[in-house]
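S.K.: Under mature numbering (1 follows the signal peptide of the UniProt record, and there is no 0), read the sequence shown as residues -31 to -1, 1 to 115, first letter to last.
Treat each hint with caution, since some may be false.
[As the list claims (entries may be wrong)] Lysine to aspartate or glutamate pairs mimicking DMTMM-like chemistry, simulated, CA-CA at most 20 Å apart:
id, residue 1, residue 2
1, Lys43, Asp93
2, Lys43, Asp104
3, Lys43, Glu110
4, Lys88, Asp15
5, Lys74, Asp104
6, Lys43, Glu72
7, Lys43, Asp75
8, Lys43, Asp92
9, Lys74, Glu110
10, Lys74, Asp89
11, Lys88, Glu72
12, Lys88, Asp75
13, Lys88, Asp104
14, Lys43, Asp15
No lab work stands behind these hints, which were simulated from the structure alone.
Note that the structure is a prediction, hence the values are computed from the model and not measured.
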Amino acid sequence: MKSTRRKAATAAVLAVLALGGTLAATTPASAATPTRYNGACGAGYDVIRATPVHSSQSTIPATTFVTYNSSAGKVCAVTVRTNPGPRVFMEVTLDTWPHSSGEVKDSGSYASYAGPVYKDVPDDGQCLTWSGSFDIYYNSENGNCT
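All chains, full assembly: derive it from the sequences and hints.
M.R.: Here you go:
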């Protein structure tokens, strides 16, 4: 019975995330050229959320994309640079809240993107959190909860 309830809750949360992600992925974050998802998570992963990294009100040097693969039961995140160029510090993280199941992170000096990083779909009562960095600029967001 618990397994059925968890599957139903997970499906409901992912449907809400997918709707929000569809809107976020299709709406430009500013007048600047929006970053496009680069497919780094692999086949079968669809964008469910896109969180811009702002360096000013109108400049977005990178975007953190959260993707979901229903067949694998996994989420993935990658921070993608708007315009690839010289190497710069970039980072992407995925975790759960209020109880961490273990943060996954990729950071370093990159020319185009940081990641991908992968986690299982959050357990009941958990929220998915993610963040991304580009140089000294940072974003962070909590996803919907199961």
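S.K.: Against this structure, judge whether each hint is valid.
M.R.: Evaluated hints:
With a C-alpha separation of about 15 Å, the suggested pairing of Lys43 with Asp93 holds against the 20 Å cut-off. A hinted pair counts as satisfied when its Cα atoms are at most 20 Å apart, and Lys43 with Asp104 does not qualify at roughly 28 Å. Annotation: proposed proximity of Lys43 to Glu110 holds, straight-line Cα distance about 18 Å (limit 20 Å). For the hint linking Lys88 to Asp15, the alpha-carbon distance of about 15 Å falls within 20 Å, and the restraint holds.
With a CA separation close to 16 Å, the supplied pair Lys74 and Asp104 stays within the 20 Å bound. Proposed proximity of Lys43 and Glu72 is supported: the alpha carbons are some 14 Å apart, at most 20 Å. Our distance criterion of 20 Å between C-alpha atoms is met by Lys43 and Asp75, whose separation comes to about 17 Å. For the hint linking Lys43 to Asp92, the alpha-carbon distance of about 12 Å falls within 20 Å, and the restraint holds.
For the proposed pair Lys74 and Glu110, the alpha carbon gap of about 15 Å is at most 20 Å, so the pair holds. Between Lys74 and Asp89 the CA atoms are separated by roughly 14 Å; this keeps the pair inside 20 Å, and the hint holds. In summary, the hint linking Lys88 to Glu72 is supported, as the alpha carbons are separated by about 9 Å, within the 20 Å threshold. In summary, the hint linking Lys88 to Asp75 is supported, as the alpha carbons are separated by about 13 Å, within the 20 Å threshold.
Among the hinted pairs, Lys88 with Asp104 is inconsistent with the structure: their alpha-carbon atoms are about 25 Å apart, more than 20 Å. For the hint linking Lys43 to Asp15, the alpha-carbon distance of about 11 Å falls within 20 Å, and the restraint holds.
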